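Q: Residues per chain are reported as follows:
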Amino acid sequence: MNDARALGEDVVLESRAVTKRYGATVALREVTFRVRRGAVNVLIGENGAGKSTLMRLLAGAEQPTSGEIWKDGRRLEMRSPRDAAAASIAIVHQELAVIENLDVAENIFAGRELVRSAVLVDRRREEVRGAAALRELGKPLAMRGVAGDLSLGNRQVVEVARSLECGAQVLILDEPTSALSATEAASLFRVIGDLKARGVAIVYISHRLNELLHLGDFFTVMRDGRVVGEGVRGGVDRAWIVERMSGRAAGEGETSDGGARVASDEPMLEVSGVSVRSGGRLMVAGVEVTVRAGEIVGIYGLLGAGRTEFLEALAGLRRMDAGAVRLGGRAVSVRSVPEALAAGITLVPEDRQRDGLVPELSIRENISLSSLGTFARGGWVRRRAEAARVREVAAQMRIAADDLELPVTTLSGGNQQKVVLARCLMRRPRVLLMDEPTRGVDVGAKTEIYRTLHALAGSGLSVLFATSEIEEARLLADRVLVMTEGRFVAEFSAADATDEALFAAACPRIEAAG
Amino acid sequence: MSERSQSRFGTVVLLLLKLRAVLVLGILLLAFSILTPSFLTANNLSILAKHVAISAILAVGMTFVVLAGGIDLSVGSVAGLAGMVAGGLLTVGIGGHLAGVVVSVAAALGVSVAVGLLNGLLVSELGVAPFIATLGTLYIARGAALLLSQGKTFPNLAGTAARGSTGFSTLGQSFLLGVPLPVWLMIAIAGVATVVAARTPFGRHVYAVGGNERAARLAGIRVERVKLLTYCFSGVCAGLVGLIIASQLESAHPATGESFELNAIAAVVLGGTSLMGGRGSIGGSLIGAFVIGVLADGLVMIGVSEFWQIVIKGVVIVMAVTVDQMQTKLQSRMTPAAPRGGRDRAQVAV
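Chains as they are written, first to last, in my numbering: chain A, 7 to 520; chain B, 2 to 351.
Excised from the complex, chain A in its bound form (with noise of 0.2 Å):
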C-alpha cells in the first residue's frame, strides 16, 4: 500500500477504513479508496465486489457502519443524497434516472430549481444556465424536450449537465457506457477528458477493460469487499487487471471453443424477409438470416440497429409486418409469444431486470414459470416433480444458490441471469434467442455463460443473440452478423470478426468519413 500513497497525493475524496455490513453480510472490509483531483479513478471488480456499495456510501444514499470518509481533509457526515450534493459529490446512476416526465431543463434542476420572487421558478434562468451547461458537454439539447423521449445517451448527457450545473468537484460515473452505442460513448470520453481538464475528480466504474485501460489514471481493483489492487495508469495492463479481480491468471476461459464444435449442415431456422415497424420508423427492414441446427450466431449492431426489434418479433413479442419463419424446413406462425414457444423459440431478453425475472418470486418459481404446465396433473403442480427438474437445469447452468426457496433477487447479476436462461432450457427449446446474453454480468460468469451455450450448441440447439460487445461476438459466435438500420450489412466468420473490421461494417459512415 506505501507505493499507492505514492502515487498521487491530490486527494479530494477519501474513504477511510470504511466497513459496511447488512445484516451478516459484509459487503465492504476496511476499504480505503482515493479520489485524485483532475484525474480518472477507475474503480474494478466483478459484480458483487463491493463497487456499488463504495459508490452508495461516497454519494451520501447510504452509511458506513465504521470507518469514515473524508473530503479536502474534512470528515463528512453524509445523511442522504442532498448531503453528498452540498458537498459537491454527483453521482450519474447506472440505472440512468431522469424524470421521463418532466423536461431537459427541469431534470437538470430538479431538486434544486433556480427560484424568483421567493416562491416562483425562475424557469428562464434554468433554461439559460441549463443551456450553458449541455453546451459545454456539446450536446445541445432543447430545453424544453420531455426526458421520456431523449435516447440513453442523451438522458446521461442530461445528468452530467445537471451534476456539472450544481458545481460537482466529484463525478461518479457508474457503468456509464453500458447502454450506449459505440458512439456515443466515444463522445462521453471527449466530455470526460473536458472535466478533468477542468479539474473534476471522475470516478469510473465499468466492466469494460479496453475502456477502462483508454481512460484511466489511477486504478482500484476490489475483490469480496476488499481493495485487492491498486496501480497508475501505465504500471497497468489487461493481465494486471483481471488477475486481481478474479484471482487467478489472466487468459483462463478467455478463449472460444466454438472451433471444436461442428455445426449441422442442417438448417435449423430459416427466416426471410421480416420487416418491424416501431413508432412509424422501419425498425427491420427485409431481414434473412438461416441458422443451422447446434450453430451459434451473433448480431453484432449498435443501439437502435433493430437487433433487439428482430428478435423480439421472432419471438413472438412484436407484431411483424411482413416476414416468414420456417423452424427444421416447416414454417411456423410466430404472432404471440405462446405461438412462438410452442414452435420452440425461446427468447432470453436484454433487460432481466424488466423483462426477465419477477422478484417477488424463488428461484425455484422463476426457473419453472414457462414450464409449469409440464408438471401440472389435473390443475395441479406437482411440487416434487418441478423441484426435481429444477434442481436438475439449475444444477447444469451452475448457479450458485444455496437454497433454490429464497428469492431471486439474492442472486447476483450473472447467477440472475443463468436463472432465466434456465427457464428458457427448460422447455426444451429447439432455437434460443438472446439479447444481450451478458449485459452486466461479471467476467467469471459470462465464460461460464459462454460454456454452456457452446455446450447446448453442441447438444443440437441453434443459438441467434444480439450484442453490441464485439468481443462478445468473437467470443461466443460461430457466425457474426452485422446489423445496421435495420438490414445485414456484413457477415463474419469466428476467425474474421477482428475489432475493427465488425465496428468499421457497423459505422458505414465513420468509415465513409475517415
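Hints in this document: simulated from the structure, not taken from any laboratory. Just so we're clear, the structure is a prediction, and the values are computed from it rather than from any experiment. Glycine included, C-beta positions come from ideal geometry on N, C-alpha and C. Watch out, some of these pointers could steer you wrong.
Label pairs and their in silico Cβ distance ranges [as the list claims (entries may be wrong)]:
id : chain 1 : residue 1 : chain 2 : residue 2 : range
1  : A       : 81        : B       : 16        : 51 to 61 Å
2  : A       : 138       : B       : 215       : 52 to 62 Å
3  : B       : 11        : A       : 128       : 32 to 42 Å
4  : B       : 11        : A       : 464       : 14 to 24 Å
5  : A       : 378       : B       : 331       : 36 to 46 Å
6  : B       : 95        : A       : 78        : 58 to 68 Å
7  : A       : 360       : B       : 132       : 22 to 32 Å
8  : B       : 260       : A       : 390       : 44 to 54 Å
9  : A       : 330       : B       : 11        : 23 to 33 Å
10 : A       : 193       : B       : 11        : 29 to 39 Å
11 : A       : 188       : B       : 315       : 49 to 59 Å
12 : A       : 389       : B       : 260       : 41 to 51 Å
Keeping the supplied structure of chain A fixed, place chain B upon it in accordance with the hints.
A: Chain B only, in chain A's frame:
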C-alpha cells in the same frame, strides 16, 4: 394520402384529443341549452356553478395527490367529519361552552388537515399503499363523524343574533358581485393551485415524484415531504367542502360527502390526469368537474331518470379513459422516440 398530409391530419386529431374535455363540455352546454331553454339562464348557471364548486374543490386537492402517484379515498368522509366538527362546536360546544364561528371553522379545517397528515404519514413514512391507507381513513373519519352526534344531525347552524353566533351561513350562501362565495373559493383555490403546480419548486417536485419516485429521491427531492403535503392539501380542500355544504344547509349530517371521492377522482381522470402519476393539470381537473356537474344537472333538467344518470356518468368516465389511451398511442406513433408523454402544460393553459 401523402405522408405529410397524414401527419397534419394526425396533428389535428391529437390536438382534438388533447382538448377533448373542453370539447365535451362545449357539446354538453350546447346540447342542454337547446333541449331545455331554462338551462342557460343566470339563475340556473349560478346553481350549477355552486354544485360544480363542491366537486371542483375536491378535485383540485385530489389532483396533487394523483400527480404525485397517490390517491385519496378519504375526502368524502373528511368533508362529512369537518361539517360535524363545526356543527358540534356551534350548537353543542365543549363542556357547555359554545364556540364562535371562526373557532369552529378553524377547528374543522384543523381536523381535516390532521386526517390528511395521517394519510400522508401512513403512505410516506410507513409505506402503506395509498389506496389502502386512505380506504382506512375513509372509514375512520366516517365513523368519527357518526360518533360525534351518535348518528344524529346538528341542526340550526345559522345561529342567533342574541348569542352572537350568526355568520356561519355566509360561507355557503352569500354572494360577491352576483357570484356565490363557494364559486369564488373554487376560483381562488384553482388559481393558486395552478400556479403552485406549474410554477413553483413544490409543484415540479410533485410531478417528479409521480413520474419517477426513485429518480426524484436521487435528485435530492424530499419525496416523503412532498407526498405528505399533497395529502394535507387534499384534506384541507375536503374540509372546506364539508363546511360549505353544512353552511348551505345550515345543518351538519354525518352522512354528508358519501361517495364524493368517486366524483373527485372521476373529474381528475376526465381532465386528463394519469392515475399513474406525473401527468395532468389542475385546469384539466377543473374542466372535468364541470363536465360531471353539467352532465348531472342537465340530465336532471331534461328529465332523464336518476338511475340512467348513474349509468351515463359511468359511460362517460370509461370513454374518457379509453380516449386517453388512444391519445397516448397516437402520440407515440407520431414521435419515433420512446413514448412517455410530458406533463402536458398545454392543459395548464386551458
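Q: Out of the numbered hints, which ones does the structure contradict?
A: 2 and 4
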